[in-house]
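Enquirer: Now for the letters of each chain:
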Amino acid sequence: QDPITEVKIGIELGFTGPLESIVPAMAAGAELAIAEVNTAGTLLGGATVTTARADSTCTDAGAASAAAEGLVTGEMVDAIMGADCSGVTSAILQNVARPNGIVMISPSATSPALSDAEDDGLFFRTAPSDARQGVVMTDVLMDREITNVALTYTNNDYGKGLADAFQAAFEAAGGTVTISAAHEDGKGDYSSEVAALAAAGGDVLVVAGYTDQGGKGIIQNALDTGAFDTFVLPDGMVGQQLVDDIGEGLTGSFGQFPGTDSAGAETFQAMATEAGFDGTGAFAGESYDAAALIMLAMEAAGSNESAVFKDHVMDVANAPGTEIFPGELAKAIELLKAGEDIDYVGATAVELIGNGESAGNYREIEIRDGAIETVGYR
Amino acid sequence: MEFLNGLVFLTNFVVVPALAYGAQLAIGALGVTLVYAILRFSNFAHGDTMAFGTAVTIKVTALLVALGITLGPLPTALLALPVGIAATMLLVLGTDWLVYKFYRVQRAKPVILVIVSLGVMFVLNGVTRVFIGVGDIQFADGARFVLTVQQFKDATGLDEGLAIRTTQAITLVTAAVTVAALFWFLNRTRTGKSMRAFSDNEDLALLSGIDPNRVVRVTWLIVAALATIAGVLYGLDKSFKAFTYFQLLLPIFAAAIVGGIGNPVGAIAGGFLIAFAEVTVTYPLKKVLTYWLPDSMAPDGLVQLLSGDYKFAVSFMILLIVLLFRPTGLFKGQSI
Amino acid sequence: MIVVENMVKAFGGFHAVDGASLTITEGSITGLIGPNGAGKTTLFNVIAGVLQPTSGTVTMQGQDITGLPPHALFHRGLLRTFQIAHEFPSMTCRENLMMVPGSQSGESLWNTWFGRKRIADEERALRARADEVLDFLTVSHLADHKAGQISGGQKKLLELGRTMMVDAKIVFLDEVGAGVNRTLLNTIGDAIIRLNKERGYTFVVIEHDMDFIGRLCDPVICMAEGRVLAQGTLAEIKANEQVIEAYLGTGLKNKDQVAGA
Amino acid sequence: MTDSLRTGLFAAFVAGLIIATGALDNWNLALVILNYGLISAIMALGVNLQWGLAGLFNVGIMGFVALGGLASVLISMPPVAAAWTAGGLRTLAGLAIGAVAIVALTAVYRRMAAGKARTIVMLALTVAGFFAFRTVFDGGVAAIEAVNPSLTGYLGGANFGGDAGRDWWWMPIIAWPVGGLLAAGAAWAIGKVALGLRSDYLAIATLGIAEIIIAVIKNENWLSRGVLNVTGLPRPVPYETDLQADPAFVARAADLGFDATLASTLWVKLLYAGLFATFLIVLLFLAQRALHSPWGRMMRAIRDNEVAAEAMGKDVTRRHLQVFVIGSAICGLAGAMMTTLDGQMTPAGYQPLRFTFLVWVMVIVGGSGNNFGAVLGGLLIWWLWVAVGEYGPDLMIWVTSALSEDSTLRAGLVDSAPQMRYIVMGTVLLMILRFSPRGILPER
Amino acid sequence: MSDSPYQDDRGNKDRSITRAGGGGTSQHKPSGGTARPAPGTPFLIGEAMTGGYGKGPDILHACTIAVEPGEIAVIVGPNGAGKSTAMKAMFGMLDVRSGRVMLDGEDITALSPQDRVVKGMGFVPQTHNIFATMTVEENLEMGAFIRRDDFHDTMTQVYDLFPILKEKRLQPAGQLSGGQRQQVAVGRALMTKPKVLMLDEPTAGVSPIVMDELFDRIIEVARTGIPILMVEQNARQALEIADKAYVLVQGANAHTGTGRELLADPDVRRSFLGG
Ligand SMILES: Nc1ncnc2c1ncn2[C@@H]1O[C@H](COP(=O)(O)OP(=O)(O)OP(=O)(O)O)[C@@H](O)[C@H]1O
Ligand SMILES: Nc1ncnc2c1ncn2[C@@H]1O[C@H](COP(=O)(O)OP(=O)(O)OP(=O)(O)O)[C@@H](O)[C@H]1O
Ligand SMILES: [Mg+2]
Ligand SMILES: [Mg+2]
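Chains as they are written, first to last, in the numbering used here: chain A, 1 to 378; chain B, 1 to 336; chain C, 1 to 261; chain D, 1 to 444; chain E, 1 to 275.
Hints in this document: simulated from the structure, not taken from any laboratory. Check each hint, because a few of them may be wrong.
What the hints assert, rightly or not - Computed cross-link-like contacts, DSSO-like style, restricted to lysine-lysine with a CA-CA straight-line distance of at most 27 Å: (1) B:Lys-109 to B:Lys-193; (2) E:Lys-55 to B:Lys-109; (3) A:Lys-8 to A:Lys-337; (4) B:Lys-101 to B:Lys-193; (5) B:Lys-101 to E:Lys-55; (6) C:Lys-146 to B:Lys-109; (7) E:Lys-55 to C:Lys-146; (8) B:Lys-193 to E:Lys-166; (9) A:Lys-331 to A:Lys-8; (10) C:Lys-169 to C:Lys-197; (11) C:Lys-197 to C:Lys-146.
Input sequences plus hints: build the corresponding full structure.
Expert: Quick look at the structure:
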């Protein structure tokens, strides 16, 4: 058999559209992992990894499918890192990835519906399903003896899914959700949302949104008007940028995001800063991990054929094996080459369960003195 | 006391924000309405013109701050605003010369111009993003509040607080000044009247010795100024993001139309109507009623007129209701 | 044939038509004159269903037609022309005429798909009729011209031609003469008389040209300030003091001074 | 140049673009573009009927497309039995109460004389009706949405074919015309109230109505699963994976010299293309016949001068309603097709830029008032929309290849390539309008 | 209507009116009021004008029209003969392909319409001749747009001439009846205090009494030395007061003479005056 000289990974994210502001950091995260592997130059006995970007638009299933078609049948990519939004992700999966038998790892599609999607074993995600996070968030609140909360979520499958999961868990645990109100991203003015939330009242405000979208607008407005002073921040809301933007007011707010007791996140952030992008941006770490997993699975399988390496994704992601952190991809490749097992931890403590989604180990954080501090793990 | 608390609560969460938002919409809608009245088309590129002007202002603000020039308690962006306005003026004049003029000379149907403005919108959309990026940018500096919740509580001893942000105060003052200046200009000055004449009957304006090119130029200049001011005020009060400004187009159009498109008074009324409607229609009265009603009657539910889910659609529902009963808007607008 | 009773049409507080009552007899050519702003056009618009009356009634052949929409009135045989010609500019003159007849089977979508044969037959007949009308109006050479590109007077002829495509009962003409060359106006006048004689159309004619009114109309109604001021033959009207004062005037004062200069 | 020659050349050009995409890049992409292009062409045809023929400025296309999508879900998805037992009937009862209340209200409004009494009765009816409706309806909805919310939580559709509806593979095709009917129903109601408005007002009213329709689809989870999306819609064509597993198919593909994956993906797309093209051709045929008939002449007259048309006995309001309903129905049909092709319904994906303005661009560029123009414009603009996204970044890399590898300008430009889609779309639109202002195929 | 590919929607509907390069308002003040002919040529003359709309065919064929101070010149002719077109050509609203327009001895063929207004030409078009959404008073003010002096006297004069306008002073002109609008249009032109006044069918649609008034006023204006050029279909009355008259047929001069001469010409009477 000919040696493999080139591996091509498609990066399909919403470069335009509602998520366009967080996507550049995500793409940069994925490309960081790829650059790392290329620097090592040892993948599959010396193959170079190239990338091809495509625009998922986040919202338009038709355009996303066409773009994916271009990646898979035009650019002949071996795997896809993407997509970002759950809607287009499932469209690409069904319309392009499955028919062509191409592996897809999404860094940010968290809709519970994707857990049971028919995928022929081709689909994975480095973000956990929202169902799990709802339970974790309930625990965090209950431990702090907070039982009366207001809830707002971004009106998409992520926000709604998370809000529903949380509300169910929280009420089952005896808590009260005074109001569960959606907010639309891509607006600037959130005073009416905050007015409604304030009128309903609650000890804290749970904001299931994005750091640079409506979520931020809501927090800013709530602080300014004195509606709430403590916020609960799930994964989409945890980011240094938010802390920097809001400043003092966020002190004391808390939340959780995927992560284990590992140094991976900090390493990744340092690497990102070095590479010139914001490593704390939502799903940047997940993107790094998604790309890394694709390449490591290839190495483990000794092949860049999706049909072959799709069965190795879970192996490299999970224990047993040597733990692999960001910046150690070269080492991982060596280990795999040597026939050893690895346990990829990466930037977000990846642990794949079920049909190939992140297990949902969460890191509980609190904002103190303008920094995100870890207070525990769940 | 109870009553006062309720009142303050309502003011803090409804009146103040809606006033500021309404003022921003109103200035935006004024721009749309002027283009409509004088150049006769619905300018879909207006949102992106706002974004462009704001983007330039942001760049200049950054430069000023880097140079150590600030305005003390006021946002530095106010200092940069004239530059932003000037740049936007150049932009729209350039666009007019390059694009719109051709169709004006050809006397194209308004809908052609609408579609042309759609093309301009696409281009401008891209240009702005390439120029400043797609991210979220916060550029307000200086003092954040004129009055904070805590200050208010301390001063009055009430349970509820009232906050007024600097940007909200600036927005209202600027809006008032801008609108007054515009009205004075349109109704009192020769140039203003000639613009109205031109908007009414282009040929006859010509026969009265009015220079059409000058009218068009002045219109664009005013529109550029209005767009930049609206954009910067909005960005100061919230934050800047290219996509948000594109989205803003819908409420701005709704405001212009509700008021009666082509009618400046209507644009302002429309702006405030839409803003207040968005805040109040889905507003849960629970807490206010708890203050105002005797304890025994305090409500259990949220007491919402309309479920919050539909908040996004509220401005359009208002729009439809108004149009059904007054088909040309609140203040009679022009209709082609 | 048409009876208008106590018609009032107010714009805001201003009564453009203010209690006008008049009767139009079948088979007549009635002239309607009056100073500018007397409410003639407004009265037309109310009768023709373009405006809703504030109060008052209109009956046509004994049936109440107050407030019916224009298209319904058309089907009852009431047609009108416009003070400013309302042609269909992007259609040819022939098409302008062919579109007129109501209840063409080709106006139902279903028939356009499944009733081609019937439509073809109808179209042939319509076309023949349109050409006949164009001929009658001495403008057959314009049949394939776009109606937007013919001269003002020709547009007025076309307006009149449309009323001939169907068997109208009553036709309202609003200032057919304004801006039309007098020689052409005579042609139009002849056409009106022929229609009246040969086809029995009833006409109501608004016009400021007394010669034209004189040639065509009997009786003549004069309106002023929204009311009927006088009614009778043109000679009677011309002799009416009030009419002279409000409408006709007494001729030029300065004429001689200039002609001599 | 004669009209038919011009049409022929334009058609050849568009076909050439798609074929070139296939030949030079890849056939799968070309077929994807063709499929979505055919659907876009149908939408453009509908809008052209409204604008080109009747001068109705409808900017609410998105809403009708979304209704079509909803129909696709309601017809082609299997029903969720548990949800029906939990609260299906109660929800329907709630809706019935609401409908009765509205009927009663209109009856009171019509029958009773205006005055205080009527106002009071109407107010009382409104309040009572509203509360009755909410109590019954909300309970039902809550019950439905509680049924396995992460996967269903809605009533599902009417497809009783086993295996998640796949046995009744033809149901999606039924769903398409139903989508048209649903959109037509909505258009009728909207037209009844809004068609009296003039140009820009109608435009903005329809824009608003579209947003409201989307809001309903996004929030009424019991009906449409809202923002949680409905995925895995059955298809009227075989699944690629099934084909790949079918030895007969693999053998036949091998005979033709294709590998199974490629053959299956192409075959499925070709089948879709055939279905869509059939619908398009039938619609185009009907539209052409209508246009060149007394009906079309009447519509042109109405567009030219409504007042005169009204005076010539044409019921302008009724005709406007007719065209509005038909045009919207066509958009609904296309929307249902698109949802089937996507294999899922994503309410958040309905953005005015994509589903309203882009369609308008298609119509104007193609040539409003000309059915062929609209259809070809649909295909052309859709090709461009995809092609710019597809080839833009490559082009940018090529353009900037003169700059040094690590210049920040180059990096910046390459990064902003996706934004170029907007710039290029805008520029092309402006160019076409500049040099052929009535579109590429002007009316007559 | 022009054959522009865009379809027109407002104004007089010819693209040529806003032709490119129509310069800015020059600031020099019109002297207004009196006119004095340069020796040798008439005060205002369109000489051998040939031209048409846009890229369309020629409508005018070597058509000549002139008027002297204190004179009333009347153009008559069948519909579509090119009378309005000739007026527009003299006002610079369409390209004159050959021939020239002279005002007071100066060649103004290349000037834009606004510049001609500044030079003292006033024009009332046949249609669309008022600002419909502006009040009657604002309409008159716009007539005085290029005047920098106090124009209230002129306005009083106009109100004296058309008392109905004073009554409807604050009403939008678009709500007036056909004849009232015509009065506004003429009033607007008078506000310019023009050196030469051009009227395109000023009496179309006005009642006999107002028509007489209008003619009277036109005579008065002419008597002050301002040349007046008008198109009329009420030809008999117009010719009676005309010092000079032109009959146009198909864009060319068919007959020229004094008003009385033409009135007496049986050929002219039959073909153009309705017998
Ligand atoms: N929409 C309107 N709003 C307010 N006033 C109006 C409106 N339409 C007409 N009028 C007024 O009603 C009066 C009658 O107008 P109308 O057009 O009927 O006159 P007319 O008799 O046809 O005159 P003319 O002979 O000049 O055409 C006028 O004084 C006019 O100002
Ligand atoms: N805007 C235009 N574009 C193209 N052709 C035009 C335009 N306006 C007028 N025409 C044509 O020019 C010719 C002369 O028109 P003009 O308006 O000068 O006639 P007129 O003598 O004023 O007639 P009337 O007495 O009916 O007003 C006509 O054949 C007409 O069709
Ligand atoms: Mg009238
Ligand atoms: Mg004329």
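Enquirer: Take the hints in turn and mark each one as holding or not.
Expert: Going down the list of hints, with the structure as the test:
| no. | hint | in the structure |
| --- | --- | --- |
| 1 | B:Lys-109 to B:Lys-193 | holds (24 Å) |
| 2 | E:Lys-55 to B:Lys-109 | holds (19 Å) |
| 3 | A:Lys-8 to A:Lys-337 | holds (20 Å) |
| 4 | B:Lys-101 to B:Lys-193 | holds (22 Å) |
| 5 | B:Lys-101 to E:Lys-55 | holds (19 Å) |
| 6 | C:Lys-146 to B:Lys-109 | holds (19 Å) |
| 7 | E:Lys-55 to C:Lys-146 | holds (17 Å) |
| 8 | B:Lys-193 to E:Lys-166 | holds (20 Å) |
| 9 | A:Lys-331 to A:Lys-8 | holds (21 Å) |
| 10 | C:Lys-169 to C:Lys-197 | holds (13 Å) |
| 11 | C:Lys-197 to C:Lys-146 | violated (31 Å) |
The structure is inconsistent with hint 11 alone, although it conforms to all the rest.
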